[in-house]
Amino acid sequence: MNKMMSTDIKHHLTDEILMGYSAGTLPEAFNLMVATHVSLCDACRAQLAACDAVGGVLLDEHDIPNTQMQPDSFAATMAMIEQSAPITKTPAVKMPSVLPSPLQDYIGGDLSEIKWRPIGMGVKQAILPTSKQASARLLMIPAGAAMPDHGHHGLEMTMVLQGAFQDDDGYFARGDVDIADSDLEHTPMADIHEDCICLAVSDAPLRFKGILPRIMQSFIRI
Amino acid sequence: MSASSHNVLPRERSVNFQAAATRLVAVGSKRVTDVNKRNLWISHVHRIRDDADKAAFAELYAHFAPRVKGFLINSGADGSMAEECAQEVMATLWHKAHLFDPSRASVATWIFTIARNRKIDILRKQRRPEPEDLTWGPEEEPDQTDVLALQQETEILSKALTTLPAAQRELIEQAYFGDLSHSEIAKKTGLPLGTIKSRIRLALERLRQTMK
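Protein sequence lines, in the order shown, are assigned to chains A and B.
For what it's worth, the working numbering labels the leading residue of the first sequence as 124, then goes sequentially.
For what it's worth, the working numbering labels the leading residue of the second sequence as 5, then goes sequentially.
In case anyone wonders, no lab produced these hints; they're calculated from the structure.
We put the CB at the ideal spot given by N, CA and C, even for glycine.
Be careful, since some hints might not be right.
[What the hints assert, rightly or not] Below are the DSBU-like pairs computed for lysine-lysine, each with C-alpha atoms no more than 30 Å apart in a straight line:
| # | chain 1 | residue 1 | chain 2 | residue 2 |
| --- | --- | --- | --- | --- |
| 1 | A | K212 | B | K41 |
| 2 | B | K129 | A | K238 |
| 3 | A | K212 | B | K163 |
| 4 | B | K129 | A | K255 |
| 5 | B | K201 | B | K163 |
[What the hints assert, rightly or not] Computed beta-carbon distance windows for the label pairs:
| # | chain 1 | residue 1 | chain 2 | residue 2 | range |
| --- | --- | --- | --- | --- | --- |
| 6 | A | M244 | B | Q148 | 54 to 60 Å |
| 7 | B | D125 | A | P194 | 42 to 48 Å |
| 8 | A | P194 | B | N40 | 40 to 46 Å |
| 9 | A | P194 | B | D137 | 36 to 42 Å |
| 10 | A | E236 | B | D137 | 20 to 26 Å |
| 11 | A | R240 | B | K163 | 51 to 57 Å |
| 12 | A | D131 | B | R205 | 23 to 29 Å |
| 13 | B | E145 | A | P219 | 28 to 34 Å |
Based on the sequences and whatever the hints tell you, model everything.
Below, the structure written as structure tokens:
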């Protein structure tokens with residue numbers, strides 16, 4: 124067993140999010156959250172497989188009208204097959220890391236490659252490049268420190284990669300996902316034992332309560 | 005139909021694949037046929053893997069290519085793009101036949117995920133983050149007990165989906181085949197978002213109960 128694998132995850136992704144991943148209807152940043160969480164969580168991996176199976180049954184039995192293939196379709200496909208090379212699977216050599224491989228793909232390396240930027244009160248962030256419908260960023264909250272007090276317009280999911288944090292919803296350790304919907308105000312506080320690194324995705328910009336953070340918000344894209 | 009016969013008459017078989025597929029579903033009661041059909045699809049993928057069997061591929065093609073095309077059209081592709089993508093999905097099936105694991109997914113589920121991935125690549129033009137692979141031992145043939153268990157689960161799931169109340173089933177279908185997020189379904193149907201979410205939750209809960 125990979126020692127970076129969390130076996131005691133208590134806060135999981137919702138069925139709605141897993142189904143969205145399976146159907147291919149989520150924004151990219153949310154897909155990144157799902158891929159990262161499922162890399163660590165066997166329960167959600169199984170649930171995602173079940174959602175895929177629903178898609179499979181629908182594909183198999185669903186009556187979709189007006190979908191005849193072109194008459195030369197099969198021959199064209201055979202020609203395509205003959206021209207293209209067989210697909211081989213290169214076994215991934217996986218070193219234990221704080222960052223599951225989907226995240227490493229977005230960073231272009233491991234922890235040391237993250238380009239952190241300070242956003243005040245010791246908190247640092249790194250924005251990950253995704254499509255604009257939603258945003259993804261890594262956050263580093265110093266041990267014992269608080270994130271700025273903030274509320275949400277849309278849906279925000281925050282998953283712990285290292286350390287832990289506490290907020291009104293409970294205690295969140297590696298692999299746990301904190302899901303915050305609209306109108307919730309919360310102040311996550313990092314556990315004192317270790318700096319806390321999180322992946323946070325959101326389909327709307329956060330808003331901060333204080334004036335200063337709100338001004339800062341326009342500069343730092345938090 | 006023997007696995008070796010494809011070398012003799014690949015063209016004729018490919019022309020006749022529609023008829024073969026029709027015969028297939030005309031045999032016996034529907035349920036029995038569904039189970040046999042799923043078994044047959046697995047052996048077809050193995051024939052492609054082992055013998056580059058075009059006849060087996062043609063039968064899979066007749067059943068799945070039009071469905072994949074329909075899925076892509078419902079997702080917003082125009083006819084010619086959907087046609088091309090469906091061909092690419094089926095070509096991927098051929099090339100990845102050696103990676104198919106019937107203890108982890110049915111053939112239909114496997115094809116669905118290939119089509120879904122293609123949709124994200126081509127239509128949504130997004131990068132597509134995927135979970136880490138589980139680290140399995142050295143590559144082995146999957147355990148037949150696991151293959152059988154998965155087939156039984158698929159059968160139960162299929163029945164459960166057909167017995168869902170119409171309102172719940174329609175929402176699930178729209179979520180997968182209308183390419184709509186839950187809030188988009190809310191806009192389209194005029195139902196409140198909360199109702200959509202709770203109906204889908206109920207549907208998944210029912211499916212989960214049936215699977216126990």
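Structure-based check of each hint:
1. A hinted pair counts as satisfied when its Cα atoms are at most 30 Å apart, and A:K212 with B:K41 qualifies at roughly 28 Å.
2. Taking the CA atoms of B:K129 and A:K238, the gap is about 26 Å. The hint holds against a cut of 30 Å.
3. Our distance criterion of 30 Å between C-alpha atoms is broken by A:K212 and B:K163, whose separation comes to about 35 Å.
4. Distance check on the hinted pair: B:K129 and A:K255 sit about 12 Å apart at the alpha-carbon level, within 30 Å; holds.
5. A hinted pair counts as satisfied when its Cα atoms are at most 30 Å apart, and B:K201 with B:K163 qualifies at roughly 22 Å.
6. At roughly 58 Å, the beta carbons of A:M244 and B:Q148 sit within the given window of 54 to 60 Å.
7. The hint said 42 to 48 Å for the Cβ distance between B:D125 and A:P194, and at roughly 27 Å that hint is violated.
8. At about 29 Å, the beta-carbon gap between A:P194 and B:N40 misses the expected band of 40 to 46 Å.
9. Under the hint 36 to 42 Å, the C-beta atoms of A:P194 and B:D137, about 39 Å apart, fit the expected range.
10. As the Cβ distance of A:E236 to B:D137 is approximately 22 Å, the hint placing it in 20 to 26 Å holds.
11. The beta-carbon spacing between A:R240 and B:K163, approximately 53 Å, falls within the hinted interval of 51 to 57 Å.
12. Distance hint for A:D131 and B:R205: a CB-CB separation of about 25 Å, consistent with the stated range 23 to 29 Å.
13. Judged by the Cβ atoms, the range 28 to 34 Å given for B:E145 and A:P219 holds: they are separated by roughly 29 Å.
In summary, the numbered hints that this structure violates are 3, 7, 8.
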